[in-house]
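Participant: Taken in sequence, the protein lines are chains V and G.
Everything in the first sequence is counted per the numbering used here, starting at 1 for the first residue and increasing by one.
Everything in the second sequence is counted per the numbering used here, starting at 1 for the first residue and increasing by one.
Check the hints yourself; a few may be wrong.
Put simply, identical chains are the same to the list, so a pair is met inside one copy or across any two.
Pairs of lysine to aspartate or glutamate residues, derived as EDC-like cross-links and limited to a Cα-Cα distance of at most 20 Å, are as follows [unchecked claim]:
#: 1; residue 1: LYS82; residue 2: ASP41
#: 2; residue 1: LYS297; residue 2: ASP283
#: 3; residue 1: LYS297; residue 2: ASP281
#: 4; residue 1: LYS353; residue 2: GLU52
#: 5; residue 1: LYS338; residue 2: GLU352
#: 6; residue 1: LYS252; residue 2: ASP48
#: 7; residue 1: LYS313; residue 2: ASP164
#: 8; residue 1: LYS297; residue 2: GLU287
#: 9; residue 1: LYS210; residue 2: ASP263
#: 10; residue 1: LYS247; residue 2: GLU326
#: 11; residue 1: LYS20; residue 2: ASP283
#: 12; residue 1: LYS2; residue 2: GLU32
#: 13; residue 1: LYS20; residue 2: GLU32
#: 14; residue 1: LYS338; residue 2: GLU356
Rather than coming from a laboratory, the hints here were simulated on the basis of the structure.
Computed from a predicted structure; not experimentally measured.
Protein chains: 2
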Amino acid sequence: MKVAVLGYGTIGSGVVEVLKNNAALITAQAGEDISVKYVLDLREFPGDPVEEILVHDVNTILDDPEIELVVETMGGTGAAYKFVKAALEAGKHAATSNKALVAKYGSELLDIARKHGTNFQFEASVGGGIPIIRAMYTSMLGNNILGINGILNGTTNFMLTKMDRENRDYDDVLKEAQALGYAERDPSADVEGFDTCRKIAILASIATGKFVDFEDVPTRGITDIAKEDMEAAKALGYSIKLLGTFKKDGEKVYASVTPALVDPSSALYPVSDVFNAVLVDGDMSSELMFYGSGAGKLPTASAVVADVIEITKNKDHTVFAGWGFEKQELSDASSEEKCFFVRTESDAFITEKMTEKAVRARYSDAAQIIPVA
Amino acid sequence: MKVAVLGYGTIGSGVVEVLKNNAALITAQAGEDISVKYVLDLREFPGDPVEEILVHDVNTILDDPEIELVVETMGGTGAAYKFVKAALEAGKHAATSNKALVAKYGSELLDIARKHGTNFQFEASVGGGIPIIRAMYTSMLGNNILGINGILNGTTNFMLTKMDRENRDYDDVLKEAQALGYAERDPSADVEGFDTCRKIAILASIATGKFVDFEDVPTRGITDIAKEDMEAAKALGYSIKLLGTFKKDGEKVYASVTPALVDPSSALYPVSDVFNAVLVDGDMSSELMFYGSGAGKLPTASAVVADVIEITKNKDHTVFAGWGFEKQELSDASSEEKCFFVRTESDAFITEKMTEKAVRARYSDAAQIIPVA
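Isolated chain V (complex conformation):
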């Protein structure tokens, strides 16, 4: 199996490294050698062994019939989309770590792959090194997925953990996250929940088998979480986490991104720092949790390599996975009844179950209102 890696950044170089480091094992598992024939990048890497296989023109890859699989680790939805689509249309398989690409164009790319009897896989797009996607479509076979609660963004989990444990305020921990390289200079993709939104949309699409549009998912980040909220939640026995959630309730399907109070009996409660975890509720399996590094060069690359091996083992047919074009309509999350944490100037408490509309009407002067998971 000859592979081309599109983009030699952190994850792309990690993929090259994992395939090289564990070559013997990977050959045994895949049933044949897997080698990287090309790496596409606009940059030069003088002195790096990748120089010998570096190309700058994607057509070198697309036109080479020896290349059966492209690995896309460029990010974004511009060139990444164009190149992956072209590769799939040329009858090649594709694997990607790019959540934005999968959330936006997953239905189309999965469809092209199916029509060609090839595979489009994206294990690393959600939860970094945590094998959550493969768990849902192989290990939880036979289950209707009734719910998902995921800590899917390491940066915000790191920040909330710091706020919780060290009684620090949002701006202060954001600066630390930026200094450590966990948060970007413009942190909005993380702190506004946009990253989590794309990830929960992908998981919800797998759970329902239909396209859950990330643009339909109500998304609230952590920017308004104050030190006082964290302290009051803690005093009530809870921790605040940013969750991507999916819930199936009869015909109703909900998805949302929101900070939420998590109680100590939940397996998500102790998940701290940059770790990710996904709690999946199957109608037969009950709740399962998958936990690990949500980011990092080798863990994420390792998830991509698992796709590469699975594709190699199944290169003559499309593995059952993903979803179709049919759109999954979402019910209005604000009409779902939940308990809420309410902090007023003088008090903080947990309400009975009610809708978000009702709680906002009843406590219109509250300083903070956050659902309880």
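Could you slot chain G onto chain V? The hints should help.
Facilitator: Showing chain G alone in chain V's frame:
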């Protein structure tokens, strides 16, 4: 796909139930209908719909060419072994929830299946509903497994949780576990660690690709854990859990079952009550944890059904999984350097790293010595 279920106890009846409840979903995932044609049991079940397909003679199943897959949920290594072996030799696939069978005869049964191009699978044999086996051979592809730490027995975890939280002693919590049906009247399989031993031997065999004989795994249960140990461990900031452990250190391979002190930074620390969790360290993925119900009718049956679906999808070839006949020699666990918890009559503390021999020699009058995980 026509299936026969051997044994209509808790798990066997659960398998019939899951296949029936989620039939439409399962057909979609498997690519064809899966129906239970026979259930084998020596007992009668008057009034149960299973009556119509109940048989008492295994030859009805073995001789029926329509049966492509047998599901063994009888337990033990007597008839279960004989029947599964005969089914595999007749060219049928097999799936089992029976850890004793897999730990003892796995190499042979896997070999027969490979020779016939069929599959022998056993997801439910470890961790009940937690898809740990499939995670290791599909989701962690490309990784060398360097370590495993698992809470693999719900009964003992329940007992240790009770001792920890309620400051109760061993005999007292054992009685409660028996009253709740979590522990047998003869609780030795659980409390002596024999159950955990078979499970870690299976996981270690998958991790190494060689046969790890459960009889080689040094096994210590929880029967000598006193209330005083739990209290002293807690005062030092730890919790005591019964762990099945596997570790690869260069050429050395260790496996053991032992109560161990787990510190709060470990993902295993909060795993309580009857839950199971397995922490797996891959050289590329870093640590991943898989958490869920370690037992229970439907969760365990759901893991069996995942095997049934995977086998149906791959009925024309053997899926890469399992291990060979070659035996994995284990290094002497007592020569591995670790930190230990030592409780004397007047004191309790954690030692520096040393071998078990050294700690037992140095503190020969200690009331308790337990390794730190």
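Participant: Compare the structure with the hints numbered earlier in the document and write down the numbers of the violated ones, lowest to highest.
Facilitator: 4, 6, 7 and 9
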